[in-house]
Amino acid sequence: MKTYLNNLRIPISVAVLLAGLAWIWLSRVPEGSRSNSLEAAQVGFSAPVFSLTSLDDQNIGLADFKGKPVILNFWASWCPPCKAEMPAFQQASLELANTDLQIIAINATSQDSLNDVRQFIDQYEITFPIPLDLTGSSAKNYLVHSLPTTYFIDKNGIIVDVIIGGPIPLSLLRIQANQLLTD
Amino acid sequence: MFPVINLGPLSIPAPAFILIIGYMAGSFLLDKKAASFSMDSETIDRVLWIGTISALIGGRLSFIASSPAAFKGDILSVLSLNPALLDPSGGLVIGITAVIVVITRQKIDYWMFLDSLTPFLGALIPAYFLSRFASGNGYGFATNLPWGIYLWGAIRHPVQLYLTFTALIPLAIILVYTPIKNLLPGSTFFLFSAATSSYLIFFSAFQVPGSNTTNGIRIDQILYWVILFVTLFLYNFRIKTTPDMVHHEIK
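If you're matching them up, the sequences are chains P and V in order.
Count the first sequence with my numbering and you get residues 3 to 185, in order.
Count the second sequence with my numbering and you get residues 922 to 1172, in order.
With the rest of the complex left out, here is chain V (with noise of 0.2 Å):
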């Protein structure tokens, strides 16, 4: 656990360092395989600032909504840059809503766009894992394994590590093997999403859970599994109803 990086007079809070680095990773290898997947590399760079600083808003403005007497008498921390004065869930629903009206209008296909967005997230969600490190968030239950972490108080599971490890596999793949002949198009982001919300279901059993389980569950592993159903689901109801694609696929 790393959550302060001090150089010096500074110090740096190393779980948001470590998410932009992530950012700036997964932007740079966005514009370097856009052409692969037929996309204008700018065009892509545009709709995700404008995902980007939506998300950041809207967080803002969701956690303001949330609690707006909170503000009264102190209506200039809408500005504060603290961090903690935002929504992370409002702040995504807003992102992606900006996101799916900027595609509309601009009439981007909308499967070689999730398609050429799996590099930036495949860069994203390792740094995002890692970051929950740096904070010792989503610390894992106690264990006698040789690779187990002394934290808070146990050698426990590194969670967080076994994470941002499978996570580097699918962004590995990405960049090796990317564009993947006779793919169907969006079938890149459906395989990448179903890997990253499979291996969620598998680690999520070793991190001690906070509030959020029923009967034992974990809510989040519930989530993940709706995900990974909803990605599957798409994914081969796409192929059998663009049979054209499909034969071309199966030649």
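Same shape as in the complex, but just chain P (with noise of 0.2 Å):
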């Protein structure tokens, strides 16, 4: 039996190899499979639109910035990541103020108080759009579990990265920034 088995070893690795390529030629990827008119927090799809109001009542909704990279974080005051990781931000937003880019920072407001975010973007001095989810819906859409939590949207309005969790460091957000722009 064993000798049997010990005989038939090449035409069954060769069979399994044939059979292989065979599955790799039928399941072929379909034309328009590829998901991204669909919007969900995730890698590969449209990132969910939001319009929110900021400390100043000023509309800023996903649709002001379309054709345009985004970087997308979700903070609070409270979160000791997202006070680590603020300044690298803030000085991602300087370096990259004469490009396409945009640097979003939606405050969780449903979780914090509106006195705290004023004084952490007075603390912070920072200068880009902070938009403030008072309901927790866009919380929500993007499905932020975790605070600090930030997305990568690319011109096109498509998820490229999620990073959950922080800080990030300054030299990531150049490297992320770079490949939004280039892509």
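The hints are simulated quantities; they were obtained by calculation from the structure and are not laboratory data.
Predicted model only: the values in this text are computed from it and were never measured.
Wrong hints could be hidden among the right ones.
Interface residues of chain V toward chain P, partial, derived using beta-carbon atoms under 10 Å [claimed, not checked]: (1) Met922; (2) Phe923; (3) Trp970; (4) Ala990; (5) Ile996; (6) Val999; (7) Pro1009; (8) Ser1056; (9) Gly1074; (10) Ile1122; (11) Gly1131; (12) Gln1142; (13) Ile1160.
A few chain P residues facing chain V, derived, Cβ under 10 Å [stated by the list, open to error]: (14) Val16; (15) Leu28; (16) Ser29; (17) Ile123; (18) Gln125; (19) Leu136; (20) Ser148; (21) Pro171; (22) Arg176; (23) Asn180.
A virtual CB, placed ideally from N, CA and C, is assigned to each residue, including glycine.
Two independent chains are provided; combine them into the complex using the hints.
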């Protein structure tokens, strides 16, 4: 029996390899199978739209930045890694001021207080848009389970990367920004 | 999908947590099964640690080397605990290189080493697929099948669960049947590798691909097929060129 199986070893190997090739050919990706027309907080999908107001009552929505890559951060003033990474976001926004890329940091206001948010913005001298998620609806649409969470969205509105947790160092923001701007 | 486990004030990233559990389970099984492959568990543990540390340091160095200018004025971030600053493929290459150097220097038998590594890989690989499921990555195409799961706006094939459950089969075989008597050293690893690459070729077909396709053909599947080809070639070649042991096997 063992001799018989031993003689079949090479034919079985060849059969497995040919079956593998046939399956690869048969399972080619059909046209239009990519899911990026759907909205979801996941790499490869369209970023969920939002329209929120800032501390000075200005409307800020993702649609305002159509055609531009966006780094979208969710934060709260009480969250230590948010505090640790915010100077890097501010520095990156200054470095990228002459590019199309926009940094937006949505405050999870439903879990924060407006006074603390105001103080935080002053303390870190933040100059990029800070929309306020008063009801928590944006955090819900983006499936934010933990703060900070950052989404990297390309110029077509597709999420290309998600980083849950932090702090994100400046070097990583520069690399991600460079990729978003060159894609 | 459960990317974060919230325990009171603690937010634990579930994918990383599952991978660590898989690594620890793998190390435990490796220790337990080392003697079955005529290997010293302490030696293997040491090699594994050197490989892991080298992979982590190498992954970070490789990431820095890919964009050194980004670290200008932010040099301390090379020590950041953020895993996004790791290059997985660079880390893997450096980790494997370090392991090859160590086992060559310590004159450890390559084939027996590979065999003794299979319980570790057998536990780590299903943990990896489960961690992908937890993160929501590697999701499947939409399906009408009753076991489809709602994810990213559609009922989808739970591809990472297919892979997790399938990966448990080689692990169970390793745990129950090793050491397989009269099997040529290296064969356990080759058979494990062939099984893993085969089911990856099969189940990848149900997964929505990223941008890594050419004319509709998934590059991932081609890579798994190449691994399968190399594995089967080496396995057959080794049996053919080791006549004494083959003779022993078919006696």
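Problem - Interface hint status, Trp970(V) versus chain P (Cβ within 10 Å) - result: Hint on Trp970(V): violated, closest Cβ of chain P at ~26 Å, above 10 Å.
Problem - Hint validity - Pro171(P) Cβ closer than 10 Å to any chain V Cβ - result: Hint on Pro171(P): holds, closest Cβ of chain V at ~3 Å, below 10 Å.
Handout entry: Supplied contact hint for Gln1142(V), tested at 10 Å Cβ to chain P
Key = Status holds, d = 5 Å.
Exercise for the section: Closer than 10 Å between Cβ atoms is the bar; does Leu28(P) clear it against chain V? Give me holds or violated. Expected result: It holds, given that the least Cβ distance between Leu28(P) and chain V is near 8 Å, below 10 Å.
Handout entry: chain V contact restraint on Ser29(P) - CB to CB distance below 10 Å
Key = Given a least distance of 3 Å, the restraint on Ser29(P) holds.
Handout entry: Ser148(P) as chain V interface residue, shortest Cβ-Cβ below 10 Å
Key = holds, 4 Å
Exercise for the section: Under 10 Å, Cβ to Cβ, is where Arg176(P) needs to be relative to chain V, so tell me if that hint holds or is violated. Expected result: holds, 4 Å
Exercise for the section: Report holds or violated for the interface hint on Phe923(V), using the least CB-CB distance to chain P and a cut-off of 10 Å. Expected result: holds, 8 Å
Problem - Agreement of hint Gly1074(V) with chain P interface, Cβ distance less than 10 Å - result: Constraint on Gly1074(V) satisfied, holds at 5 Å.
Handout entry: Closest C-beta approach of Pro1009(V) to chain P relative to 10 Å, hint status
Key = Given a least distance of 14 Å, the restraint on Pro1009(V) is violated.
Problem - Proposed interface contact between Val16(P) and chain V, which counts if any beta carbon pair is under 10 Å - result: holds, 9 Å
Problem - Closest C-beta approach of Ser1056(V) to chain P relative to 10 Å, hint status - result: Since chain P brings a Cβ to about 8 Å from Ser1056(V), closer than 10 Å, the hint holds.
The structure fails to meet hints 3, 7, 17, 18, 19 from the earlier list, while all remaining hints are met.
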